[in-house]
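Asks: Positions 11 to 413 (this note's numbering) are the ones given, in order, by the sequence shown.
No wet-lab data here; the hints were simulated from the structure. Any given hint could be a false lead.
To be verified - Pairwise CB distance ranges (calculated):
| # | residue 1 | residue 2 | range |
| --- | --- | --- | --- |
| 1 | Ser243 | Leu86 | 25 to 31 Å |
| 2 | Glu396 | Ala212 | 25 to 31 Å |
| 3 | Leu153 | Asp359 | 23 to 29 Å |
| 4 | Arg206 | Leu157 | 41 to 47 Å |
| 5 | Asp335 | Glu272 | 27 to 33 Å |
| 6 | Ile348 | Leu86 | 22 to 28 Å |
| 7 | Asn246 | Glu72 | 30 to 36 Å |
| 8 | Leu214 | Ser243 | 46 to 52 Å |
| 9 | Ser217 | Asn66 | 18 to 24 Å |
| 10 | Lys337 | Ile99 | 44 to 50 Å |
| 11 | Ser243 | Glu369 | 40 to 46 Å |
| 12 | Ser243 | Phe126 | 47 to 53 Å |
| 13 | Arg104 | Ile348 | 52 to 58 Å |
Just so it is clear, the structure is predicted and the values come from calculations on it, not from any experiment. Positions of the beta carbon are idealized from the N, C-alpha and C atoms, including for glycine.
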Amino acid sequence: MKETKVEVGNARPDIRFFQAAKWYHPEVGGIETVAKSITGAVSDIAKTEILVCSGNKKRIIERTESGAYLYRAKTLFKLCSTPLSLDYIFAFARMSKRADIIQLHAPFPLSDLALFLCGGRRDKIKTVWYHCDAVRQKRMKLLYKPLLRWTLKQVNRIYVADSSIAEQSEYLAPYKDKVKVIPFGIPIEEYEKAERKPVLTARLNNSENVKLLFAGRLVYYKGVDILIKAMASVRNAELFVIGGGEQENALRSAARELGLEEKVHFMGRADTEQLRSAFSDCDVFILPSVSRAECFGLVQLEAMAYGKPVINTSLPTAVPRVSIDGKTGVTVPPADEIALAGAIQRLTDDKELRKKYGENAKKRCREFSLEKMERRLVSSYEELLEQKLSKDYEKDAKGRFSE
11 MKETKVEVGN
21 ARPDIRFFQA
31 AKWYHPEVGG
41 IETVAKSITG
51 AVSDIAKTEI
61 LVCSGNKKRI
71 IERTESGAYL
81 YRAKTLFKLC
91 STPLSLDYIF
101 AFARMSKRAD
111 IIQLHAPFPL
121 SDLALFLCGG
131 RRDKIKTVWY
141 HCDAVRQKRM
151 KLLYKPLLRW
161 TLKQVNRIYV
171 ADSSIAEQSE
181 YLAPYKDKVK
191 VIPFGIPIEE
201 YEKAERKPVL
211 TARLNNSENV
221 KLLFAGRLVY
231 YKGVDILIKA
241 MASVRNAELF
251 VIGGGEQENA
261 LRSAARELGL
271 EEKVHFMGRA
281 DTEQLRSAFS
291 DCDVFILPSV
301 SRAECFGLVQ
311 LEAMAYGKPV
321 INTSLPTAVP
331 RVSIDGKTGV
341 TVPPADEIAL
351 AGAIQRLTDD
361 KELRKKYGEN
371 AKKRCREFSL
381 EKMERRLVSS
391 YEELLEQKLS
401 KDYEKDAKGR
411 FSE
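Please construct the entire structure, taking both the sequences and the accompanying hints into account.
Replies: Structural data, given as structure tokens:
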């Protein structure tokens, strides 16, 4: 995805913008997509620096498509899926010191800790994109909870992609006055222009079978284990799994044990071009997530951009609000392999229903514009800058008057 540049009337090239996250493009995931969208949004109004982890013991420094400085800090090891890096802490201290705006992503304990060790950077504008509550690791959650609450207290604004995230969160209630809803968006025109290759069709064992697709990280909350179990009772369809992660080996073993080698294809990680080809080539996209950690399901929009029906789950998040049951696809209860298999079979057997839902999905997708998302975000940053300038002016005026 190319970074979109948003022109804003009060552009200030002297502004320094610092974004800290866990990973960044080409890593595939909703948070990574949002981080890249933020970079594109501010590229015309600020000098931008980005800090993420490299995932290994190598430090990597590069430039993004829009010229932003990208520092991938060397990582010592991971603890409960959280990368630990002293390099990240030191880089955060350097980069945040010269910034006017600091943009964090939550949950990510390492960036919260780095901000804490910097004294909160009280002279800076601080914002956080709150993706979801930390819902799994109970011990880590107990340690992280006070740090996260501290961060939320420090920041000037909290961004969420849907009101349900703020409503369901156990952390955001005291900070509702800081919360701003900015729905995610995708560059629909780019999807329409992208070259389409039959990357799934080429691997079908039976050319008559319906092509099912899952794309995302292979981690617990995605529910791919439930999807594989469901495939055991599905007829006339083959599933393509794109992505990698900590559960990949276990998922491959589960597919073998169920005798699904001919029905389930693991395609590994894919780049943007391959992903878009896969979205355009599939017949049905499936997001079988089982946890509130799946707060939006941005990947649904990518499939919907190509007019594909979606099967998702009835999580108390934005997931079932993006693709709507009975209109753009089918929604089933989380972790219910029988209901999931039934939904898959229903769409597999009914080509006309797939077409109807797919057409509705393409129309629905246009309500989630990347340009609209970026304009709202830039407008919010500029509002915060104006507020800070006003406060600084008043403080300076009072100081002069007292002299």
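Asks: Next step is simple, just say for each hint if it's right about the structure.
Replies: Hints, verified against the model:
1. Ser243 / Leu86: 25 to 31 Å: violated (44 Å)
2. Glu396 / Ala212: 25 to 31 Å: violated (54 Å)
3. Leu153 / Asp359: 23 to 29 Å: Check failed, 49 Å falls outside 23 to 29 Å.
4. Arg206 / Leu157: 41 to 47 Å: holds (45 Å)
5. Asp335 / Glu272: 27 to 33 Å: About 31 Å separates the Cβ atoms of Asp335 and Glu272, which means 27 to 33 Å holds.
6. Ile348 / Leu86: 22 to 28 Å: violated (43 Å)
7. Asn246 / Glu72: 30 to 36 Å: violated (46 Å)
8. Leu214 / Ser243: 46 to 52 Å: violated (20 Å)
9. Ser217 / Asn66: 18 to 24 Å: Cβ of Ser217 to Cβ of Asn66: about 41 Å, so the range 18 to 24 Å is violated.
10. Lys337 / Ile99: 44 to 50 Å: Since the Cβ atoms of Lys337 and Ile99 sit about 47 Å apart, the hinted range of 44 to 50 Å holds.
11. Ser243 / Glu369: 40 to 46 Å: Between Ser243 and Glu369, where Cβ atoms are some 28 Å apart, the hint is violated.
12. Ser243 / Phe126: 47 to 53 Å: With a Cβ separation near 50 Å, Ser243 and Phe126 satisfy 47 to 53 Å, so the hint holds.
13. Arg104 / Ile348: 52 to 58 Å: holds (54 Å)
Of the numbered hints listed earlier, those contradicted by the structure are 1, 2, 3, 6, 7, 8, 9, 11.
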